[in-house]
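Undergrad: Sequence:
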Amino acid sequence: MFGPNINVSEDTEVMLRELQDRKKKWDKLKMRQPYLSIVTAAILLGVIYMLYRDVLVRSGGNALVILDLLISNKLLCGMLLAGISLFMYTSNRAGETEKAKGKYEDLRIEAVERLEASWLKDVKSEARDQISSFLSNLDDINIRYKN
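All residue numbers for the sequence shown refer to my numbering, where the first residue is 112 and numbers rise by one.
Simulated from the structure, these hints should not be mistaken for laboratory data. Quick reminder that beta carbons are idealized off the backbone N, C-alpha and C, glycines included. Don't take every hint at face value.
[Unchecked claim] Keeping only pairs whose Cα atoms sit at most 27 Å apart, straight-line, the calculated BS3-like set for lysine-lysine is:
(1) K210 - K134
(2) K212 - K136
(3) K135 - K214
(4) K210 - K139
[To be verified] Each pair of labels, with its calculated beta carbon distance range:
(5) K235 - S202: 43 to 49 Å
(6) E237 - L192: 55 to 61 Å
(7) V150 - R225: 37 to 43 Å
(8) A193 - E237: 52 to 58 Å
(9) R204 - R128: 23 to 29 Å
(10) S244 - C188: 55 to 61 Å
(11) S244 - I159: 48 to 54 Å
(12) D179 - N253: 58 to 64 Å
(13) D138 - Y163: 37 to 43 Å
Sequences are here, hints too, so could you generate the full structure?
TA: In structure tokens, the structure reads:
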């Protein structure tokens with residue numbers, strides 16, 4: 112039985128549980144994204160500052176000196192590598208977040224379509240009202256309307 116005293120078929124219950132799981136996954140990914148972006152931006156700003164201060168100012172515009180100073184500064188090379196890696200990881204996580212959002216929205220729309228009922232109050236509409244209220248209160252999932 113899904114939720115408190117909501118009598119639905121087994122396939123509907125599985126679909127609604129999957130909807131809850133997808134919402135939780137999307138929320139988790141969405142919550143981490145700002146932190147990753149801030150850390151990535153901070154590291155890249157640090158790299159740009161160090162690159163300017165330690166390499167570009169000292170080199171005087173000579174390309175070979177720039178290359179030599181860049182290679183000889185292990186901290187700068189490490190931070191540059193970390194910044195690039197973190198930027199790629201953050202971009203990948205942003206793509207995963209969008210994919211999780213798309214999967215959640217698709218299943219939410221399918222749940223709305225599956226639970227469509229008549230506008231007249233009957234057993235089916237009461238069950239739909241109970242399901243939508245339960246999901247809305249528990250996980251902030253909207254299945255009352257599609258958009």
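Undergrad: Confirm or reject each hint.
TA: Cross-check of the supplied hints:
Taken as a hint, the K210 and K134 pair is honoured in the structure, with Cα atoms around 12 Å apart against an allowance of 27 Å. The straight-line distance between the Cα atoms of K212 and K136 is roughly 9 Å, inside the 27 Å bound, and the hint therefore holds. The suggested pairing of K135 with K214 holds, with an alpha-carbon distance near 12 Å, which does not exceed 27 Å. Between K210 and K139, the direct Cα distance comes to roughly 13 Å. Compliance with the 27 Å bound is thereby established for this hinted pair.
Separated by about 45 Å at the C-beta atoms, K235 and S202 satisfy the suggested range of 43 to 49 Å. Separation of E237 from L192 is about 60 Å and conforms to the stated range, judged on CB atoms against 55 to 61 Å. Remark: the range hint 37 to 43 Å for V150 to R225 is upheld by a beta-carbon distance near 41 Å. Taken as a hint, the range 52 to 58 Å holds for the pair A193 and E237, whose Cβ atoms sit roughly 57 Å apart.
Separation of R204 from R128 is about 25 Å and conforms to the stated range, judged on CB atoms against 23 to 29 Å. The hinted window of 55 to 61 Å between S244 and C188 holds, with their beta carbons roughly 57 Å apart. Our hint of 48 to 54 Å for S244 and I159 holds, since their Cβ atoms are close to 51 Å apart. Under the hint 58 to 64 Å, the C-beta atoms of D179 and N253, about 59 Å apart, fit the expected range.
As the Cβ distance of D138 to Y163 is approximately 39 Å, the hint placing it in 37 to 43 Å holds.
Of the numbered hints listed earlier, not one is contradicted by the structure.
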